[in-house]
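Quick note, the sequence shown lines up with residues 1 to 142 if you use the numbering used here.
If you are wondering where the hints come from, they were derived from the structure by calculation, not from laboratory data.
Nothing here was measured: the structure is a model prediction, and the numbers come from that model.
Every residue, glycine too, gets a C-beta built ideally from N, C-alpha and C.
Fair warning: there could be bad hints in the mix.
Claimed, not checked - Here are the simulated lysine to aspartate or glutamate pairs, DMTMM-like style, with alpha carbons at most 20 Å apart:
#1 Lys22 <-> Glu80
#2 Lys22 <-> Asp54
#3 Lys22 <-> Asp34
#4 Lys22 <-> Glu41
Claimed, not checked - Label-pair restraints from in silico Cβ distances:
#5 Arg79 <-> Arg30: 20 to 26 Å
#6 Arg75 <-> Pro45: 15 to 21 Å
#7 Val71 <-> Ala100: 20 to 26 Å
#8 Leu36 <-> Asp69: 21 to 27 Å
#9 Trp112 <-> Ser90: 17 to 23 Å
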Amino acid sequence: MDRSGWPAWCPFRGEQRTLGEKEVRGLAGRLVADSLDSPGEPPFPRDEETAVADALTARLLALGDLDMDDVQAVRLGHRELAARLRQQASGAGPGTCLSADAGYFLDSATEWACLHILEFFTRRSTFVARTSVAQARGARPS
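Can you build the whole structure from these sequences, using the hints too?
The structure is reproduced here in structure tokens:
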């Protein structure tokens, strides 16, 4: 990890605002491959690696289809954000025929990714400014 708390391979550093499909696919593939290469029993059958990576990619890309800003996403929390991504990507196809273990891993990886995405949002200077404005509006007497 670097000093920002992000793994060195993770592209969510600095004020970068967008990741393309290629970057998201690479990140999802790396997360899935690393989980299969870790010591111990693999979390799901190895022959599902591509399907799980494709499904995780579809879920993470669905973030761009949600009608919310980063402040709203942070208010949801990582579990609810993951549920919305699951729902948004459900029509995308990948992940519908996974084994129970692969499905469980996919859900866990989606929540983990959402936790890190929300952490990234809260570290951005634009988030701090927007939450300050939102708090000031909420404190205004009626």
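If I claimed the Cβ atoms of Arg79 and Arg30 lie 20 to 26 Å apart, would that claim hold in this structure? holds, 23 Å
When you check the alpha-carbon spacing of Lys22 and Glu41, does it fall within 20 Å? violated, 29 Å
Under the criterion that the straight-line Cα-Cα distance not exceed 20 Å, is the pair Lys22, Glu80 satisfied? violated, 25 Å
Taken at face value, is the distance from the CA of Asp34 to the CA of Lys22 at most 20 Å? holds, 18 Å
Could you see if the CB distance from Leu36 to Asp69 stays within 21 to 27 Å? violated, 35 Å
So if I understand the rule, the pair passes when the alpha-carbon distance is 20 Å or less; does Lys22 with Asp54 pass? holds, 12 Å
Determine whether the Cβ-Cβ distance between Arg75 and Pro45 falls within the hinted range of 15 to 21 Å. Violated: the Cβ-Cβ distance is about 37 Å, outside 15 to 21 Å.
Using the beta carbons of Trp112 and Ser90, state whether their distance is inside 17 to 23 Å or not. holds, 19 Å
Does 20 to 26 Å hold as the CB distance between Val71 and Ala100, or does it fail? violated, 36 Å
Checked against the numbered hints given earlier, this structure breaks hints 1, 4, 6, 7, 8; the rest are met.
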